[in-house]
Structures are given as C-alpha cells and as structure tokens.
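Protein chains: 2
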Amino acid sequence: MRSVARAAEVLEALSKSDGGVSVTDLAAACGLSKSAAFATLYTLRQYGLVADDGEGMNRRYRLGMALARLGSRAQDQLSLRDVARPALVELTRQTGMNSRLAVPDEGQAVVVDQVSNGERIQVDLRMGTRELPHCTGLGKALLAEMTDEEVTALAGRVGLPYRTGHTITDLTVLLAHLKMVRELGYAVDDEEDADGIFCIGSALRDHTGACVGAISITSLKRDLPAWRYQELGRQVRATAERISGELGA
Amino acid sequence: MRSVARAAEVLEALSKSDGGVSVTDLAAACGLSKSAAFATLYTLRQYGLVADDGEGMNRRYRLGMALARLGSRAQDQLSLRDVARPALVELTRQTGMNSRLAVPDEGQAVVVDQVSNGERIQVDLRMGTRELPHCTGLGKALLAEMTDEEVTALAGRVGLPYRTGHTITDLTVLLAHLKMVRELGYAVDDEEDADGIFCIGSALRDHTGACVGAISITSLKRDLPAWRYQELGRQVRATAERISGELGA
DNA sequence: CAAGCTGTTCGGTTATGCCAAACAGTGTTC
DNA sequence: GAACACTGTTTGGCATAACCGAACAGCTTG
Chain V
1 MRSVARAAEV LEALSKSDGG VSVTDLAAAC GLSKSAAFAT LYTLRQYGLV ADDGEGMNRR
61 YRLGMALARL GSRAQDQLSL RDVARPALVE LTRQTGMNSR LAVPDEGQAV VVDQVSNGER
121 IQVDLRMGTR ELPHCTGLGK ALLAEMTDEE VTALAGRVGL PYRTGHTITD LTVLLAHLKM
181 VRELGYAVDD EEDADGIFCI GSALRDHTGA CVGAISITSL KRDLPAWRYQ ELGRQVRATA
241 ERISGELGA
Chain X
1 MRSVARAAEV LEALSKSDGG VSVTDLAAAC GLSKSAAFAT LYTLRQYGLV ADDGEGMNRR
61 YRLGMALARL GSRAQDQLSL RDVARPALVE LTRQTGMNSR LAVPDEGQAV VVDQVSNGER
121 IQVDLRMGTR ELPHCTGLGK ALLAEMTDEE VTALAGRVGL PYRTGHTITD LTVLLAHLKM
181 VRELGYAVDD EEDADGIFCI GSALRDHTGA CVGAISITSL KRDLPAWRYQ ELGRQVRATA
241 ERISGELGA
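For the record, the sequence lines run as chains V and X.
First residue of the first sequence? That's 1 in full-length UniProt numbering, and the numbers climb one at a time after it.
First residue of the second sequence? That's 1 in full-length UniProt numbering, and the numbers climb one at a time after it.
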C-alpha cells in the first residue's frame with residue numbers, strides 16, 4: 001500500500017519539524033514529487049490529519065487537530081501496561097521470578113506495573129517506585145538506550161551514588177558496561193542496588209526504535225550456573241522484543 | 001488520493017471503537033473489501049499507526065503507539081492559542097473591541113487568550129477567567145453546540161443563576177434562544193452577565209464539527225443601530241469560521 | 001522587468017490498490 | 001469426529017488511481 005505508506009512518512013516528517021513545512025521541502029524530505037506530496041497533504045488535510053496556516057503563498061503544513069484526538073484515543077486504548085501485562089505474567093510463569101514494567105522519567109525508571117511470583121519473602125515491589133539508573137536492571141536497560149553523551153550528562157546531574165560493594169560508581173566503567181548491555185540486549189544487576197538481590201532488565205521500543213520503557217525480572221540472589229543467567233537474560237530480552245512488537249513494530 | 005482517504009477513515013473507525021476491531025468488522029464499517037481493509041491495516045501497522053494484539057485468530061486492531069506520539073507533537077505544534085491569536089488581533093483591529101478565546105471545561109468557558117483594544121476603561125480580561133454558560137457570549141456559543149438534552153442536564157447541575165435584569169433564568173427560554181444562536185452562528189450577550197457590558201461569541205469547530213472552543217468580542221455597551229450589531233455578529237462568526245478552517249477543515 | 005522562487009493544476013503512463021474468490025486455521029455443532 | 005461456520009490471510013486479474021514531469025499562476029528577488 002504505497003500511498004498509505006507515503007502518507008505515514010509525510011506525517012513522520014511533519015512531526016520532526018517545528019513550525020510547519022513547505023510542500024517543496026516535504027517532497028524533498030520524503031523523496032517524492034511535488035505533486036505527489038501536494039496530493040497527499042491535500043487528502044490528509046481533508047481528514048484533519050494535517051493543517052496549514054492558510055497563507056496563500058509559502059504555505060506551511062503542520063500536524064492536524066485530528067491527530068491530537070486520535071493520539072489521545074490511542075493512549076487510552078493502548079496503555080503500555082495493558083499491552084505488557086500478559087507478557088509479564090508469562091515471563092513470571094516461565095522464570096518463577098517477579099516481573100516489573102517501568103517507564104523512563106528524567107533518567108530514572110518509574111515502576112508502573114508488577115507481577116509477583118507469589119514467594120513469601122519478597123523484594124520491594126510497590127508501584128510507582130523510582131529505580132536508580134546506574135545500578136538496577138530497569139535503570140540500566142533504559143540507560144543503554146541513551147547515547148554516551150546523554151548518560152554522561154545525566155551522571156553529571158545526579159551522580160552515581162554508592163549502594164553496595166558491586167555498584168558501578170565510575171562513569172568510564174559504566175559506559176563500557178552499557179556497551180555490553182547494548183550488545184546483549186539485556187542488563188544484569190548483580191547485587192548492585194541491594195545485597196542479595198539480582199535483576200535482569202531489557203528495554204521496550206516502539207516501531208521507530210525509540211525507547212518507551214523497560215521490563216525486568218527480580219528475585220533474591222541464588223547460586224545459579226552462568227549458562228542459566230544467560231538463559232534468563234535471553235528470556236527477558238525475547239519478552240521485551242515481543243512487547244515491542246505489539247507496540248506497533 | 002483514495003487509499004490515503006480510506007486509511008484515514010480506518011483510523012477514525014478504530015478510534016470510535018473500544019478495545020479493538022476485527023478485520024471483518026472494519027471492512028464492513030468502512031465499506032470496503034476484507035482484503036483492502038487488511039492491506040490498509042498491514043501498511044499502517046508497519047508505521048505503528050495501528051497495533052494488534054498479536055493473537056493468531058480473532059486478531060483485533062487498535063490505534064498504535066505512533067499516533068500517541070504524533071498526537072502529542074500535534075498538540076505542541078497546533079495549540080489553539082497560536083492558531084487563533086492572529087485572527088483575534090485582526091478581529092480587534094476590525095471591531096475596536098476586546099477579543100477573547102475560550103475552551104469548554106465542564107460546561108463553563110475558560111478564557112485562554114485575549115487581545116485588548118487598548119481602551120482606558122476595561123472589562124475584566126484576566127486569563128483563566130471562567131465564564132458562565134447561560135449569560136455570556138462565550139458560554140452561549142459553547143452551549144449552542146450542545147444538544148438540548150445536554151443543556152438541560154447542565155442547567156440541572158449548575159442552574160441558571162441570576163446576574164442582571166437581562167439574564168435568561170428560564171430553561172425553556174434559554175433553549176429557544178440557543179436555537180436562534182445556532183441559526184445565526186453567533187451568540188449575543190446584551191448585558192446578561194453584567195450591566196453595561198455586551199458581548200458577541202461564536203464557536204470554533206474542528207474538521208469533524210466537534211466544538212473545541214469559542215471566541216468573542218466584548219466591550220462596554222454603546223447605543224448602536226441594530227444593523228451594526230448584526231454586522232459585528234457576522235464578523236465574529238466569519239472569524240470563528242476562519243479559525244475553524246485553520247484547525248484542519 | 002525578468003529571473004527565481006513559491007504553491008497549484010494538468011495529462012499520460014504505469015503500477016498499484018481494489019475486489020472477488022480461494023486458502024488456512026480455529027471453534028462450534030450436530 | 002467430521003461437516004460447518006467463522007475467523008484472518010493470501011492470490012490473480014482488471015481497472016483505476018496515483019505517480020511523475022511539465023506547465024501554470026503569484027509573489028519576492030535580483
């Protein structure tokens with residue numbers, strides 16, 4: 001469905017630019033002819049998906065009111081929690097560990113959902129908890145989605161506070177660690193935030209690749225063989241990828 | 001651009017339904033074949049504009065994450081205030097009166113922008129002011145966009161408080177008055193809210209016809225011939241229609 | 001005043017999106 | 001348990017509709 005695809009690209013292009021785009025620029029940005037770009041904009045305008053400033057000449061196009069409306073409906077329909085929950089339940093069933101869902105907020109990870117494994121002894125699982133970026137599975141999964149510059153800036157603002165003997169408190173070490181997280185697709189927190197607790201997190205992305213959250217499994221530390229850790233990591237990553245897929249990839 | 005138009009209709013249809021729609025239902029709702037509906041959904045899904053629950057059978061489609069993102073960008077780009085402001089400035093220039101912009105909030109009109117005419121003696125123009133629905137130009141313009149049932153329900157909740165000798169305090173009279181407002185396309189408040197002040201308001205609509213706000217001109221009451229009032233009303237209505245057009249019609 | 005921009009319109013050709021019907025699964029029913 | 005009814009998905013062929021290039025109309029620039 002070529003023209004629909006191009007229309008979607010037009011919307012993407014419009015969203016990237018501030019304060020409107022001309023037909024000519026848009027055609028260039030999307031790699032299609034002026035007339036095609038014009039026709040696409042014309043149709044989208046009829047449905048309120050794009051708007052223009054009405055100027056006769058040098059008319060500039062923006063995203064339309066209908067998108068704001070559809071967007072708010074989309075958020076209602078597709079709250080991250082609803083999408084992720086079945087996958088979290090499944091992940092807890094597979095691993096026997098507590099699963100959690102978090103969204104990024106100013107560098108920290110805010111826990112917005114959790115599925116308990118039902119064990120008597122529990123780690124703190126209260127909703128709304130804010131996890132530190134540099135020493136938790138969720139936090140590191142989110143950090144790994146940022147560039148080194150962004151991580152450095154964030155560390156400059158909030159520091160890398162000491163939590164346990166395993167906490168990474170050196171920026172250079174952290175950056176190297178995040179590089180590995182990116183390669184593996186999951187982040188391991190081995191008693192870095194609290195003694196006796198370990199955790200594996202992986203990031204959630206929407207179809208553009210932008211990070212929208214992270215999931216993790218958490219449990220009291222047990223002595224497991226190395227290959228078992230890797231298997232758990234792969235499971236978390238696979239679940240994260242599945243959720244990401246359902247977010248529209 | 002037929003397929004783009006249909007894609008827009010698909011999105012509209014998806015937004016209307018809660019909790020997802022099947023391909024078959026969607027095809028019926030939009031009046032196109034199953035295969036066309038499927039192809040459209042498939043393309044939109046690639047761009048994250050729609051999402052599905054991943055079930056093999058009885059798969060249900062919803063609005064996607066990308067729409068939420070685009071929608072928030074749209075709100076940034078197209079805040080009502082920015083669109084309306086130039087028109088308000090022009091309206092004040094044309095009429096010599098104070099222009100105001102309001103959005104509906106629980107039946108009341110909340111003033112979100114104003115352009116003063118620079119006169120020494122001024123009516124209250126503070127931003128964020130809440131105007132009563134039944135006795136102000138802004139309020140009545142918004143009321144006229146509601147059905148009689150909705151107006152009746154609202155009046156039942158908040159009543160029709162007395163303000164001046166001209167205030168409409170009877171529901172039947174108000175409904176008849178609103179009928180006239182709908183025909184004219186603008187609402188006149190002739191000293192109904194405060195003695196010595198009159199006001200003309202008109203509603204703003206987006207491309208679907210849904211009411212998103214209202215504009216008005218306000219001034220100290222002067223003795224003007226009847227035809228002059230009508231001319232002012234037409235000017236306000238025309239300005240409102242122009243703004244509505246720029247909102248994506 | 002013409003040259004260089006805009007946004008918009010117009011034909012002609014091609015490919016693309018449409019429909020209808022067939023296919024492949026799942027749940028239901030007798 | 002097998003035929004059925006119902007999903008979502010795939011395919012083929014035809015006609016339309018969407019692309020491009022070029023020409024047009026306004027406006028600012030040199």
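It is worth saying that the hints were derived from the structure and are not from the lab.
Here the structure is a predicted model, which is why all the values come from computation and not from measurement.
Check the hints yourself; a few may be wrong.
[What the hints assert, rightly or not] FRET-style restraints, in silico, Cβ to Cβ:
#, chain 1, residue 1, chain 2, residue 2, range
1, X, 5, V, 164, 31 to 39 Å
2, V, 34, X, 210, 26 to 34 Å
3, X, 147, V, 161, 37 to 45 Å
[Stated by the list, open to error] Looking from chain V toward chain X, a few residues come up when the C-beta cut is under 8 Å (computed):
#, residue
4, 3
5, 58
6, 156
No residue lacks a Cβ here, since even glycine has one placed at the ideal position from N, Cα and C.
Each hint, compared with the structure:
1. X/5 / V/164: 31 to 39 Å: 59 Å, violated
2. V/34 / X/210: 26 to 34 Å: 33 Å, holds
3. X/147 / V/161: 37 to 45 Å: 58 Å, violated
4. 3: With a minimum Cβ separation of about 5 Å from chain X (threshold 8 Å), the hint on residue 3 of chain V holds.
5. 58: Constraint on residue 58 of chain V not satisfied, violated at 15 Å.
6. 156: 28 Å, violated
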